[in-house]
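Protein chains: 2
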Amino acid sequence: MKYIEGGVCAAAGFKASGIFCGIKANSSPNKFDLALIYSEVPCAAAGIFTKNRVKAAPVLLDIETLKSGKAQAIAANSKNANACAPEGMENAKRMAAAAASALGLKASDIIVSSTGVIGQRLNIEAIEKGLPQAAAALSASPAGSDAAANAIMTTDTVKKEFAVELTIGGKTVHIGGIAKGSGMIHPNMGTMLSYITTDCAINAEMLKKALLSANSVSFNRISVDGDTSTNDSCVVLANGLAGNAEISSENADYALFLEAFTAICKDLARSMAADGEGAKHLITCDVKGAKSVEQAEIIGKSVIGSSLTKAAIFGCDANWGRVLAAMGYSGEDFAPEKVNVAFASAAGKVDVCKNGMGLDFDEELAKKILTEKEVIIDITMAEGDAQAVCWGCDLTYDYVKINGDYRT
Amino acid sequence: MKYIEGGVCAAAGFKASGIFCGIKANSSPNKFDLALIYSEVPCAAAGIFTKNRVKAAPVLLDIETLKSGKAQAIAANSKNANACAPEGMENAKRMAAAAASALGLKASDIIVSSTGVIGQRLNIEAIEKGLPQAAAALSASPAGSDAAANAIMTTDTVKKEFAVELTIGGKTVHIGGIAKGSGMIHPNMGTMLSYITTDCAINAEMLKKALLSANSVSFNRISVDGDTSTNDSCVVLANGLAGNAEISSENADYALFLEAFTAICKDLARSMAADGEGAKHLITCDVKGAKSVEQAEIIGKSVIGSSLTKAAIFGCDANWGRVLAAMGYSGEDFAPEKVNVAFASAAGKVDVCKNGMGLDFDEELAKKILTEKEVIIDITMAEGDAQAVCWGCDLTYDYVKINGDYRT
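Listed in order, the protein sequences are those of chains F and U. Numbering-wise, this note's numbering comes out as the position in the first sequence, counting from 1, plus 183. Numbering-wise, this note's numbering comes out as the position in the second sequence, counting from 1, plus 183.
Worth double-checking, as some hints may not be accurate.
Since the list gives no way to pick out one identical chain from another, each pair is judged satisfied if it fits inside one copy or across any two copies.
What the hints assert, rightly or not - With a straight-line Cα cutoff of 25 Å, these simulated SDA-like cross-link-like pairs (lysine to any residue) come out:
#1 K276 - D543
#2 K449 - L395
#3 K521 - R453
#4 K463 - S528
#5 K391 - A208
#6 K234 - L548
#7 K471 - A309
#8 K474 - R236
#9 K550 - D581
#10 K550 - A208
#11 K185 - S322
#12 K584 - A319
#13 K250 - D516
#14 K584 - E555
#15 K253 - N434
#16 K521 - E273
#17 K551 - Y580
#18 K234 - S475
#19 K250 - L542
#20 K342 - D534
#21 K289 - A208
#22 K392 - V572
#23 K234 - A565
Rather than coming from a laboratory, the hints here were simulated on the basis of the structure.
Hey, can you work out the whole structure from these sequences and the hints?
Here you go:
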């Protein structure tokens, strides 16, 4: 498996585009606001969506659409979430119909997504006018994927785009994805918006299985602020154009596919955590020696979700007591007196807590380690052999600033 | 029932003091660091403590001590939490022994508390030297309670101190309390540090019952940052000197006591939320029309715990979509399409969401309402008749600043 360019256009038969149709203010730094992803042939499709009780209209529509296990295109807008909005479902359906018409497909072939402010009417007229332009702009080149990745950004500062190439059954298979994250990131069986395409031949059932498996160790292991969005969506389209024997069981080919697919999901998830609103640090929490993966994950998510731990990392302060406190309120039972904690980064590693007690450590070295962009909180328990890695980011002035005045 | 001066010294037979013994740096703005609360006669006593799996040594010791249902004094230090600290239990016991010796009591009569940095060895020598001074400084005047309230502050900016007077069984009864809060505030059957004294005659069993009842609608309904501390403790001492017939069942006298006691707990809890680290606003979330009090509370706590909602209130931004989203990820089932939301304060009230959809509202008025120090998020559901009120605060630059460099 090797990393390649191209994002969602890396796989054969996929095209993408991103345009400005007038939902964002013209002056937005990322001014594209309408993305389109299209496969030349029908695809096996699977999706996972927010568990929030309040679901955006496009999420409710997509859940219905994906019952068929098929789709062929994705239309997504940024700046408006079409959640709790007047005429929400009507406008989601109009968006699907307009995309279908622009692409010569049926509305039931279209996945629609929206992301942005909750509670305001979607400017569906701008989208209906924009979709034919977006269809005309479709491109199979990496620039097509770039434009789509740009068009789904809200407060994101970097595009999230990854692709890999691998061999399955003697055929070259590609998997590529784009995502947007930033704030309201605490995915629960989904994530903000993430789209993954592949030319691998795989049926809808196995595709869903792979998505659930990869999601559980990627998108479900990140948190920016503990706020689960109304619009979390992760959709994967597989068009089979790689020509490999269709994967329809958990065979060796599935294992190869799953490994690469999981890698893409982890890359997208990590990049979302690293670009969390206002983030200066990517925090990786590596929990080892847990009695189960579930326990390791619950404890890891409690640590990366702790406002106090996040603020300490922002201040490059090796305040490991907050890590212990966050482990302790996770709800999991464990022996605090057998916990070891270290901080690590490209600048080195420093042990700060052994057997639940503070160690004398080199504060200068700790500061240097925590000044790096990517820092690791390394936790070892003595409960068992299970491990989980979770990703988050620090809590900064900019997070507060961005979210103090988001609507206007 | 009327409010009076005096805090923990309002009740007959109680004295308190606060001194500087050398745990805090001399230059701290609140330089007292050792508090003592003492009753001239033995008391019925009850306490509730953090549910964090990682408990500070004094919490573990107090849980043992309170099994007798009796205590006579409380010694508490700030700046060091004595949690995950070398010789933690040994030092907690030394602290109890030193207080007992200074007061002519037994160690089993003493409740000890610590609050501050986790993981550092407690300077027990300073405390042992300080306790006789603190005992000598004990005073029954309001100044004694003030000094004790001062001595338990860490990043608190205001003292939390309340007292009431009421008549039970023809006798004048007093209930008074002090507390400290600020950060790591997300109490789970306890709160940071809160001490309440009363001269009411009430047995230990009924006192515990009253404490659990009042706690469930006060301390357990606030959150500053979702971080449950290792040291949360709320202890109440009742010395019976008011001379009323001892309360030993849920009779009319108990109802009177409970009402006043609950009021004090709510006052202390609200003041903790209002003085959350860096807070500019006290946020009251009033959830009505829930199917149960539990549901209303879970939804209310989800809203006041939402970083995005908190940041919006900091920005005086009427971003009610974040309120809906936080309700939705609370885990509770409800009909989003029947939810109404309004923002209110001393400056007025504005309806922003009706039946789950955004209303056109006066943005100028909304801004004006949200600029007030105390703002109310008023939520009405259509699930039933239950209600709960929760309190939190906004998320500000100062929260990040305070916690980016807390240890040093």
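Checked hints:
In this assembly of identical chains, K276 and D543 lie within 25 Å of each other by CA distance solely across copies; the values are 24 Å between and 62 Å within a copy. Taking the closest pair of Cα atoms, K449 and L395 come within 25 Å of each other only inside a single copy of the chain (13 Å); across copies the shortest separation is 45 Å, beyond that limit. Within a single copy, K521 and R453 get their C-alpha atoms no closer than 29 Å, and across copies no closer than 37 Å, so neither meets the 25 Å cut-off. Taking the shortest Cα distances, K463 and S528 sit within 25 Å of each other inside one copy (14 Å), while across copies they are farther apart (35 Å).
Taking identical chains as interchangeable, the C-alpha atoms of K391 and A208 are never at most 25 Å apart, the minima being 37 Å within one chain and 59 Å between chains. With identical chains, the CA atoms of K234 and L548 are never at most 25 Å apart, being 42 Å at best within one copy and 34 Å at best between copies. Proximity of K471 to A309 under the C-alpha cut-off of 25 Å is found in neither arrangement, the shortest distances being 50 Å within a copy and 39 Å between copies. With identical chains, the CA atoms of K474 and R236 are at most 25 Å apart between copies only, with a shortest distance of 16 Å across copies and 31 Å within one.
Proximity of K550 and D581 under a CA criterion of 25 Å is satisfied in both settings, with 21 Å inside one chain copy and 21 Å between copies. Taking the shortest alpha-carbon separations for K550 and A208, only the inter-copy value of 22 Å comes in at or below 25 Å, while the best intra-copy value is 41 Å. Taking the shortest Cα distances, K185 and S322 sit within 25 Å of each other inside one copy (23 Å), while across copies they are farther apart (75 Å). Proximity of K584 and A319 under a CA criterion of 25 Å is satisfied in neither setting, with 38 Å inside one chain copy and 49 Å between copies.
In this homomeric assembly, K250 and D516 come within 25 Å of each other (Cα to Cα) only across copies, at 23 Å, whereas the closest approach inside a single copy is 39 Å. Taking the closest pair of Cα atoms, K584 and E555 come within 25 Å of each other both inside a single copy (23 Å) and across two copies (19 Å). Within a single copy, K253 and N434 get their C-alpha atoms as close as 22 Å, which meets the 25 Å cut-off; across copies the closest is 67 Å, which misses it. In this homomeric assembly, K521 and E273 come within 25 Å of each other (Cα to Cα) only across copies, at 19 Å, whereas the closest approach inside a single copy is 56 Å.
Both within a single protomer and between protomers do K551 and Y580 lie at most 25 Å apart by alpha-carbon distance, with minima of 21 Å and 24 Å respectively. Taking the closest pair of Cα atoms, K234 and S475 come within 25 Å of each other both inside a single copy (24 Å) and across two copies (22 Å). With identical chains, the CA atoms of K250 and L542 are never at most 25 Å apart, being 55 Å at best within one copy and 34 Å at best between copies. Proximity of K342 and D534 under a CA criterion of 25 Å is satisfied in neither setting, with 35 Å inside one chain copy and 37 Å between copies.
Neither within a single protomer nor between protomers do K289 and A208 lie at most 25 Å apart by alpha-carbon distance, with minima of 31 Å and 72 Å respectively. Taking CA atoms no more than 25 Å apart as the test, K392 paired with V572 passes inside one copy only; the shortest distance there is 21 Å, against 43 Å between copies. Taking identical chains as interchangeable, the C-alpha atoms of K234 and A565 lie at most 25 Å apart only when they sit on different chains, with a minimum of 21 Å there against 33 Å within one chain.
Hint check: violations occur at hints 3, 5, 6, 7, 12, 19, 20, 21; the rest are consistent with the structure.
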